[in-house]
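Participant: Mind the numbering: the sequence shown is residues 67 to 227 in the numbering used here, read in order.
Hints were generated in silico from the structure; no laboratory data involved. Just so it is clear, CB atoms sit at the ideal spot from N, CA and C, and this is done for glycine as well. Check each hint, because a few of them may be wrong.
The list that follows gives simulated cross-link-like pairs (lysine to aspartate or glutamate, DMTMM-like), each with its CA atoms no further than 25 angstroms apart [unchecked claim]:
#1 LYS167 / ASP86
#2 LYS173 / ASP86
#3 LYS132 / ASP115
#4 LYS167 / GLU133
#5 LYS154 / ASP121
#6 LYS132 / GLU106
#7 LYS173 / GLU127
#8 LYS167 / ASP115
#9 LYS167 / GLU127
#10 LYS173 / GLU116
#11 LYS173 / GLU106
Okay, the calculated beta carbon distance ranges per label pair [what the hints assert, rightly or not]:
#12 ALA175 / LYS154: 20 to 30 angstroms
#13 ALA175 / ASP86: 19 to 29 angstroms
#14 ALA175 / ASP153: 29 to 39 angstroms
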Amino acid sequence: MAGKLISNFAESFVDNVIRDTVYPVPGSVVYCELTFGLCEHSGIYIGGDEIVHLDGSGYIERVSSKEFLERLKGLNTAISIYVSCEDKAPARSSMAVGRAKEMVGHKRAYNVILDNCHQFTSGCLTGNFNNTDNFLWMLKDTARREIGANSWRVWNRPPVG
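When you get a sec, could you build the whole thing from the sequences and use the hints?
Facilitator: Printed below as a string of structure tokens:
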């Protein structure tokens, strides 16, 4: 566990300090790490500092970037939100914005493994909400196919204080 924490810290340092950061555009896929990088949480950026995501109780809601990071009743340790990019520019799907907004207020039968935020986010990209993209690597593969996302860069957010 200590090795994973050190690796995550080093990767976060590189992503936040050395690599270029970006601003998402409506339709970008976004994600943050949870529980010291052992799992992740994803959603669709819809503009105006709002992200549509499937929360842990199955509700689809709009949240601010700050709320997105403060999942798990504020116990989340994430400091960065990653944005889908094609090379150094944000990658997006305008269809995903519409699909995400249409789903706000709906409820799904949430299951951390079988019906989770990654499946919801992938559904926003493809229109198929019954997909099998239950892990971040699967969502990233779909984002690569659907919007050309071949890299993930940190969202250049103002400091939270």
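Participant: Run every hint past the structure and note whether it holds.
Facilitator: Here is what the structure says about each hint:
1. LYS167 / ASP86: The hint is violated at about 29 angstroms.
2. LYS173 / ASP86: violated (36 angstroms)
3. LYS132 / ASP115: Roughly 9 angstroms separates the two Cα atoms, so the pair holds.
4. LYS167 / GLU133: Roughly 17 angstroms separates the two Cα atoms, so the pair holds.
5. LYS154 / ASP121: violated (29 angstroms)
6. LYS132 / GLU106: holds (16 angstroms)
7. LYS173 / GLU127: holds (9 angstroms)
8. LYS167 / ASP115: It holds: about 14 angstroms lies between the C-alpha atoms, which stays within 25 angstroms.
9. LYS167 / GLU127: The given pair, whose Cα atoms are some 9 angstroms apart, holds under the 25 angstroms limit.
10. LYS173 / GLU116: holds (19 angstroms)
11. LYS173 / GLU106: Since the Cα atoms of LYS173 and GLU106 sit roughly 20 angstroms apart, the hinted pair holds (cutoff 25 angstroms).
12. ALA175 / LYS154: 20 to 30 angstroms: violated (38 angstroms)
13. ALA175 / ASP86: 19 to 29 angstroms: Between ALA175 and ASP86, where Cβ atoms are some 39 angstroms apart, the hint is violated.
14. ALA175 / ASP153: 29 to 39 angstroms: For ALA175 and ASP153 the Cβ distance comes to about 37 angstroms; the hint holds.
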